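Chemist: Below are the chains, spelled out letter by letter.
2 protein chains.
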Amino acid sequence: MPRYYLHSNVIFEPNALEKLPEELARLGITKPLMVTDPGLAELGMVQKCSDLVPELVAFDSTPPNPTELAANQAAELYRRHACDGIFALGGGSSMDLAKAVGILVTHKCDLSDYDVTGPSPKSLGPIAPLLVIPTTAGTGTEVSVGCVLMFNDGHKGVIDSERLIPATVICDPKLTLSLPARLTAATGMDALSHCIEGYCSNISNPLTEPIALDGIRRIAAAIERAVNEPNNLDARSDMMMGALQGGIAMSMELGAAHAMSVPIGAILHGHHGAETAAVLGAAMRFNEGSVPEKMKDIRDALGVPSDGCVENWVDNLCHRIGLGTSLRALGLDETDIDRIAEEAAHSVFNATNPRQGTVDEYRAILTSKL
Amino acid sequence: MPRYYLHSNVIFEPNALEKLPEELARLGITKPLMVTDPGLAELGMVQKCSDLVPELVAFDSTPPNPTELAANQAAELYRRHACDGIFALGGGSSMDLAKAVGILVTHKCDLSDYDVTGPSPKSLGPIAPLLVIPTTAGTGTEVSVGCVLMFNDGHKGVIDSERLIPATVICDPKLTLSLPARLTAATGMDALSHCIEGYCSNISNPLTEPIALDGIRRIAAAIERAVNEPNNLDARSDMMMGALQGGIAMSMELGAAHAMSVPIGAILHGHHGAETAAVLGAAMRFNEGSVPEKMKDIRDALGVPSDGCVENWVDNLCHRIGLGTSLRALGLDETDIDRIAEEAAHSVFNATNPRQGTVDEYRAILTSKL
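Protein chains in written order, with our numbering: chain A, 92 to 461; chain B, 92 to 461.
The shape of chain A in the complex, shown without the other chains (with noise of 0.2 Å):
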């Protein structure tokens, strides 16, 4: 029985971290634990943060990728200082560490309870009280029910529930000023590739779908300026709202390209963003006949022309804004192909792209690419 659902309470405007105190006491959080990694508490974001929310309690150790290691150390803070919520200030990393640490504060199992890659996953109840303000942009996390984690065991898994869908955003542009060339580039892809892969996944409803073809149209002429510019602060803004179009339009599931990203990770431990973008020309292509109406519409959107081959066009961007598509210049090779084509194939991404790939048509796609 088809369920469409839409959570999301975002504050969007420069400048909108001042307004962090109200929302936090909005949310009724009067000690909250911060979330954030090294680099940005060494461009002074903690301390900028501690200006307005005295009380604030910093975890700074988010790592690349969260752990649940990391999580049951914020928690373990969380609970020596008795905070009542949480904020997250950062990239995906910190924004899904933060809702670990949600669980992990209000529930009494362990987190691989949750795993729904696991056996019997559990379901969540209530978690702590979450807000978040996303400095890439972006994985989109800050409006999805998702949680990637490193466990302890040394898999991968996913916690995934409406619970974690974090109860306020602060999107402020201003934060990826600073955002280098090649992250802007990397999370720009991701962001554009949860739009194109929401937008055609076979359970995309007519919530999401029209948020999902405007993210679209707005990352495509934004983000070389985004990337050129880094001061443009028009093109920072479009960024980061298709970043929170993307999370939106994924809340219906992804497809091919990330059917093959996400075990490309596994090997490469690269950056999401530039993996999927190494790919999600070839998945286009793959989709095309498929799902033509749809196609069209993204052509459009991206301004592809008509008898122009999706698939150049995407890479074609990807080079202008510093990413490359080459597989082995990422760092694979043939012996890595059967793996994550068996991988990408029983993907859940698999499922709900618009045509079921093979194995093998997952291994010539990847070839390809190399």
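None of the hints are false.
27 Å max Cα-Cα, derived DSSO-like pairs, lysine-lysine:
no.	chain 1	residue 1	chain 2	residue 2
1	B	Lys110	A	Lys213
2	A	Lys385	B	Lys385
3	A	Lys110	B	Lys213
4	B	Lys387	A	Lys387
5	B	Lys247	B	Lys213
6	A	Lys122	A	Lys139
7	B	Lys122	B	Lys199
8	A	Lys385	B	Lys387
Note that these hints are calculated values from the structure, not bench results. Just so it is clear, the structure is predicted and the values come from calculations on it, not from any experiment.
Start from chain A and add chain B according to the hints.
Modeler: Quick look at chain B alone, frame taken from chain A:
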């Protein structure tokens, strides 16, 4: 500071009504008050719901427009039977009445203390768990913050709070198969006006605008079939989705058409949708020069030729579906115009209209539609 919110949790499918027991359980409701109207009771809907949910307590006396009196009567029934939640099955009146009951059984104040048209409206806390099942397409109140009530002192007020957004909506298009042609037309134009006015609102945003535009396209393509082929389930389904999209669009407030139709309704007490339809085209022509890009999108979505008059196009659509666009035929005359124009110019809906009409400008529009 712009704040964008989306809160929708929708089950959307023919026969979705069968999911009522599990959706009530999901909200923790074990003994629901059912709020509906005498007409639907007569059609057997109370019995049908009792078969699904034997423990329900039925209040089937919702008047055509919700009143404080009826809300208190229903709340009394709720308390007497120790209910723990509410579901409404009906049109805007039943759903708004249910929202009012949800307030009464959880708050100690009078309903009028929350009236946003009053001197110092209080803020709402959480209300009773609320699920709604629309049977018209529609007011959009199933996903909106508003509750329109006739208070005991005779004035029509509004309670406006995100707390009033129903926790779950069950959209079962089959429930509208029996909706008569005139109601299909009138509620359909109400939904279309929500999409159009929400799209043009000067506080619209990138999350609601794409949904609103999709709603315009969808309703324009379906409304005549829904009126002329009452058993066309696809058309009914599209109208129900368009109404939902209109409910989301109107979270960004409305415009000149509603600025006029609300005071028209205060005089005529006719169908709000029919009253709005009569002035919608004129309102769009009034706005066209102020939002040319948006009006171009709307023309494309409606199918209005680029050199066509948008007012004539909308009026002709109304005529084809049996709705008049002569205010005199609806029951007004010259002596009513000043009062309506005065109220329209001071309406909150005028404030969010692309241009803020003066009393003289509204007088001219209304006179032209007499």
